[in-house]
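Novice: Chains as they are written, first to last, in numbering that gives the first Met the number 0: chain A, 0 to 94; chain B, 0 to 984; chain C, 0 to 415; chain D, 0 to 189.
Hint data in this document are derived by calculation from the structure and do not stem from the laboratory.
Please note that a few of the clues may not be correct.
As the list claims (entries may be wrong) - Covered stretches of chain D, as calculated for chain B (at least 3 residues, CB under 8 Å): (1) 7–20; (2) 124–135; (3) 181–188.
Each residue gets a CB set at the ideal place from its N, CA and C atoms; glycine is no exception.
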Amino acid sequence: MIINHPLLGPRDAQEFVYLGDANLIDRPDPSSSTALDDFHDYLYLRDNPAGSHRELWFHEQGDRSWLVVTRDTTTHEITHVELASEYAKRQGRDR
Amino acid sequence: MSGINRLDGGQIDRNNVLTFSFDGKRYSGFGGDTLVSALLANNVRLMGRSFKYHRPRGVFTAGSEEPNALVELRSGARREPNSRATVAELYEGLTAQSQNRFPSLRFDALAFNDTLASFLSSGFYYKTFMWPVAFWEKVYEPFIRRAAGLGRLSGEEDPDTYDKGFLHCDLLIVGAGPSGLAAALTAGRAGAEVILAEEDFALGGRLLAESGILTDRLASDWIEEVTAELVALPNVRLMTRTTVFGQYDHGIFGAVERVSDHIPEPQPNKPRQILWRIYSKRALLNAGATERPIPFENNDRPGIMLAGAMRAYANRWAVTAARNVVVFTNNDDGHRTARDLSEKGVDVAAVVDCRHNAPTSADFEVIEGAEVIGSRGRLGLKAVKMRFKDGSEREIACGALGVAGGWNPNVHLTCHKRGRPEWNGDISAFIPVKSEDSALRVAGAAAGIFSTHGALQSGAQGAIDALNDLGISARFPALPEAEDAPVNIAPFWYVKGGTGRAWLDLQNDVTIKDINLAHQEGFRSVEHVKRYTTLGMATDQGKTANIGALAVLADIEGKSIPEVGTTIFRPPYTPVSIGTFAGRSRGKEFRPYRLTPSHKWAAEQDAVFVEVGNWLRAQWFPLKGETHWRQSVDREVIAVRKSVGICDVTTLGKIDVQGADAAEFLNHIYCNGFAKLPVGKTRYGLILREDGMAMDDGTAARLAEDHFVITTTTANAVSAFRHMEFCRQCLWPGLDVQLISTTEAWAQFSVAGPNARKLMQKIVDTDHDITNEGFPYMACGEITICGGLRARLFRISFSGELAYEIAVPTRYGDALIRRLIEAGKEFDVVPYGTEALGVLRIEKGHAAGNELNGQSTAAMLGMGRMVSQKKDSIGRVLAGRPYLQRVDDYRLIGLLPVNLDSVILAGAHLMNVGMESCAANDQGWVTSAAYSPHIGSSIALAFLKKGDQRHGDVIRIVNPLSDGDIEAKVTSPHFIDPEGERLRV
Amino acid sequence: MRYSALKVLMEGLRGNTGWKPVWRDPDPQPEYDYIIVGGGGHGLATAHYLAKIYKRSRIAVLEKGWIGSGNVGRNTTIIRSNYLLDGNEPLYEFSLKLWEGLEQDLNYNAMVSQRGILNLCHSDGQRDAFRRRGNAMILNGADAELLDQDQVREMVPFLDFKNARFPIKGGLLQRRGGTVRHDAVAWGYARSADSHGVDILQNCEVTGFKIEKGLVKGVETSRGYIGAKKVGVAVAGSSSRVMAMAGLRLPIESHVLQAFVSEGLKPLIPGVITFGAGHFYISQSDKGGLVFGGDIDGYNSYAQRGNLPVVEDVLEGGMALMPMIGRARLLRMWGGLMDMSMDGSPFIDHTPIEGLYFNGGWCYGGFKATPASGYVFAHLLATDMPHETATALRLDRFRSGAMIDEKGAGAQPNLH
Amino acid sequence: MSDHPLAPLTALARDTPVVEKIGGITITENPDLAIASLAVRHGRELDLQTLLTPVLGEDLPGPGRAAFLEDTAAIWTGIGQWFLMSPVAKHPDYAWDMKYIVKDTASVTEQTDGWVIFDVIGDSLSPLLERICNLNVNAMSDGDATRCLIEHLGCLIICRESGRNISIFGPRSSAASLHHILVTAAKSVA
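If we strip away everything but chain A, and leave its shape as in the complex, we get:
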């Protein structure tokens, strides 16, 4: 596969390490009263769609940036790639 890195252009997927569902960015609030359940759902449950999937790839043999890649799990077609840090900031994680 080839991942179109937002800064470096098309890169071989071999340079990346796959983590999984991009929802892993949305780490729950540990101080919440429902934290235990929230963390269980966050860490263990997956939509695992047959189709468009937002997922995390780490450019380990590249610039070491984490990317959020939107990829179809039935065709492997990649429709969108962005820096995970940008995505995370949009989710308000830098606050």
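With chain A's structure known, arrange chains B, C and D on it following the hints.
Specialist: Just chains B, C and D, lined up with the frame of chain A:
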């Protein structure tokens, strides 16, 4: 003179006579021959035996789709079983043997199976061999295994090497027949980066196999002309002997280039083959088509072959399988074979055409509305039996039969991404579907365009369309005039009636009867039929067989072929040598080595090295006279405890953590607190996974308010860094923190033992105070040594002794170890390896890989209280789950054998005294064990249920693998200096 | 119809005209007591044991395509019970015992061949872990032997002992491990289930569940609505897709695992061998093909096909372990769809929806577990109690923290 | 300036750099480059630039690029991260010197000994490179700098002169393996 079946003409070099041997008999052929063409020239028709019935077989095709003529090519360690003789280029001294026969090709004992055929029908083995129970492994299966299989591997290491590489192009053109050449010409002239890959050793495809299909010039002239132009174009890469075997995601194709298979052995330092991963923006498939047979009774005799192959042998290689031939056809193409052969002086006894409107010929008899219904000649065809339209029968003597059942486009590559071909009634064949991302287009016969004119035109147009996607404009080139005959075919899939066997899959011996039987037994889906009968599972993946089986199924079910369905092809297009995929990553080069800064010095000391991940580390340093590793290790351990030892600990992961928020960041990473760690101090830290289990441990040294250097275990260096980057970029992107690995940049040595300080004081520059007061336990700092070399000093200890870790730029590591050993002479300093390191840490009760195996909680490791509840760190929340907090969980303990002579083995399990040894009574297991020269016995660390409350108890250590069962006392995991006084002196 | 050597002989003499369909092709009934979703090995085995052992009736197996079209027909055919943890080992050992009696139980020769499985170790740490595992196996009633380097060399002299990057230090051997003809497992269970009255409904895709007040009533299918008292889902690979129709999210990801077969060769490799310093395992089929595989591609996928990097990784391992296979040719590569669970272990449990039961999350363990999986799933469906060998395989185990993590890799499916 | 007597070794554990000539290709170990990594602190991009411009004479290079100045080179290595390189002789303690310049606008880390550097020079390097790494060599122009995998090793390739002169940075501990890979490939295409 080579061969009584040699004809005039052909693209062979008659001045280049090559001698070769088959089954020990010597023959000669010409340059440009394949093994098969040369054998046919020498009147050899019998070339192999079938898989199941061991039927005598001859060549069936003229290409890589060959099911029959499989041989063991070459000899010794270079022997290659199942080599398709149809594509084996002849070279001087080539040796080949027939395979899957015993004792000889002409007489094969296992041909006995053939007489039992009716008992060996499809799937018979599922129905028997069940009694007596024990007989399967002992009697039935060994026999079946010996009878099965095809060729033999040598059993020796492959002596050749293989390369791998990457290529990039705008347009990959697969196949260099008329459409491929036209495409290459078009794209090449447009200036695009083009790769033209051809599995054959010559360019031209069917142009080489036909005569007179270009009407305004000789095909050979045009090929020459085009080749010359393409060679001259710097943007075009011509790759012959290169098979594009698979299509993968995003325009990536796998190809194998056979660099040295046409010579006896590779040149020195050169590979036998190269695996190319071709990264293409667009690709065009011009893989041509494969002819299909018309099965009839005993249609598998040596001498019976595809008509197109018969024609190819005559035109390209100037050979015929026999001097008198018959052609059996359902379309005009068969007549072309008859015409070409009779023009070359071969006696065409008859053309049997099942159509009623067959074209006539002045040169040979055409019998229309007729069928071939049988054959004679066990080891070589003697005659075929045919049936006229009025039902009367006649036998025609002939040495070869060409069968023309029409052509199937080679759609294989279009299926590799799970694309399903669709039926085209005009040519009665499956043609490719357009790939959804248009990354792969198809042209020429592969697209079902069978005329030469159509192939040329569609090839050029395909290139223009593909380049158009890329914004490259290409112009339609001037192309030769060529025959443009329409496909004139009357679908006729197999000869009906008859009681004998008609073969569909020649290699796996699948007959029409087998398909009927499978269907009768309820195997109706195409996939079921394939799997039950093994149809299409042979080395040719059923290239000449599958369509016939579909036709049989269609007739049984009264459906059309597309209604019955199709089967898609998997990579590779043709089988690829396993060595090719491995490339140079073999033997010692399987993975790169990582060498420590003291490696050269350690090698000079005759150190014994051990693989730790990709690292090579000194395991121990044997002295003269030491005959057993234990002597060396014990000596090293004792020396550390008594005086001082030095160990290269460079392999530990080192990560530089800087930034205004570095401390807060580490507070998230480690379960214990770091915010308040003073500058100049080091602290042990435990990293949990988010699921609350221990991930890794190490130390963090605070060199400045905004600067930490942390260590990870050797094994987790990479994954821990990845994890920290995830936390930095994805979870806390607002923190001002920067990470970089410095593992490689620093050579780090542990100097441990009561005399460690004395030794260090000899190399640390005097303006640095490293007394216990000036540089206490867990201190860290940046210093200089040996008169000005910048270094880092950490007062940390893995051994439990007074110890320092000293780090210098890696290039000075070699000099430093030599200096330390020199300076340490007065203290009898010893270098110690990973074994002694292990003993020392077990004596001290430090957890390592065997304890930190991803299945341990902080509590199990005795660090439950370290998990700070005052802050948010990774893993804190889920570590609070009931099962991770249960009181009867395992706890790390020490074990001391009751009988000091008994040996404890890591991996043994723990049982209570007097209880039966079984899973239900399992109390835990030994994680690490060693002989402790300090204690004078075997000692161990273990996880024991409620172990923290059972110090002093006696427990059994059982090792059922070797019937071990000894008693041991449960102790604290700290065998030496539990109070940690030695660390602080 | 009973199969036997005599029957084969008689039919041979009669031109094989008397063989009957191995299973019927019935029309769906309006309602069944038990519906098994998924006509793979596990689903068919479940139906077989439900009917034969638990004497239940009115059972149907619903298969969206042709039976055995999933992983039972795509795997590398290995059977073994060499697991470490008490949550797993009893189930796989139970499975191995069922394999050992399978032909007689089914009257169908699935070619269960116990030629042994050898896991190689290349470091002291690996050997310690193997000793812990081997002992755990024996304590759970399985067989295991720990071999040193010489014993390994004697058993498989063709491995690379002289030039290895990661020298072989020993191995964990389970002699009762081996291989089975995978398709025959599906066909054998189908034939037996059918003979016990189970309706096997092919081309019958489940498109939805009918659930009222938290109680399952039946399933919508491509062949119409079918009512059911109890529904058991065994569709590993597609578990998330199917269970989503019942509104459930699972601790599962779907990944692709590639497998490979070489051209047929004369006997070369006795049993199953797994490389401990890379991703590679291999055996040789009765037909002579080398059957091998390695690790999953590592990304979520439903495509049933993989990519080249993993192919190369696997074959680099192969060449490192046995450089004699360099001139053997790779004939075919394909991909199977894995239910990768969050701790690498499966689930056999009821769901929050009454009457709906789930069997999945098998990672690569599915094929070897087929008989036991079917047996214990049948037990659960019939008795509503977990079978004694499957008490730990609960869907909600991550809430309590009772993971069954053989590899210690944590909640990351592609590491299991 | 330190005057300690400890003698350094090259990454190939020699006193002097190894030079290999194979066909038209020369592979030379280059131990003479001091390397410091630079990682900009949050929101200090402009401050860093201001402090560095006098030293570099130009802006830090962007993604995938390297800038060569008379005795300093800068390579983009990641978002907000660069390698700065200068002769060891001039900067035996490069990281310290750089930290002095950039102050608290960036994190500086010593990287000199994290790497082995092979300078590969020849008339046509693409036959060699296409055997070892997945780079579209023909598309690489002067000053391109990119990470890539070479036989399982994460490396950094800098294109000094397109197709004729490149530097390959590899992990120092694997210097011998990387050297073997390069030499083997060079012989294979020679």
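Novice: Look at each hint and say if it fits the structure.
Specialist: Right, here's what the structure says about each hint:
Note: the stretch 7–20 of chain D has 5 residues with beta-carbon separation from chain B under 8 Å; the three-residue rule is met and the coverage holds. With 7 residues having a Cβ less than 8 Å from any Cβ of chain B, the stretch 124–135 of chain D passes the three-residue criterion, so the hint holds. Evaluation of the coverage hint for the stretch 181–188 of chain D: fulfilled, as 4 residues show C-beta separations to chain B shorter than 8 Å, against a requirement of three.
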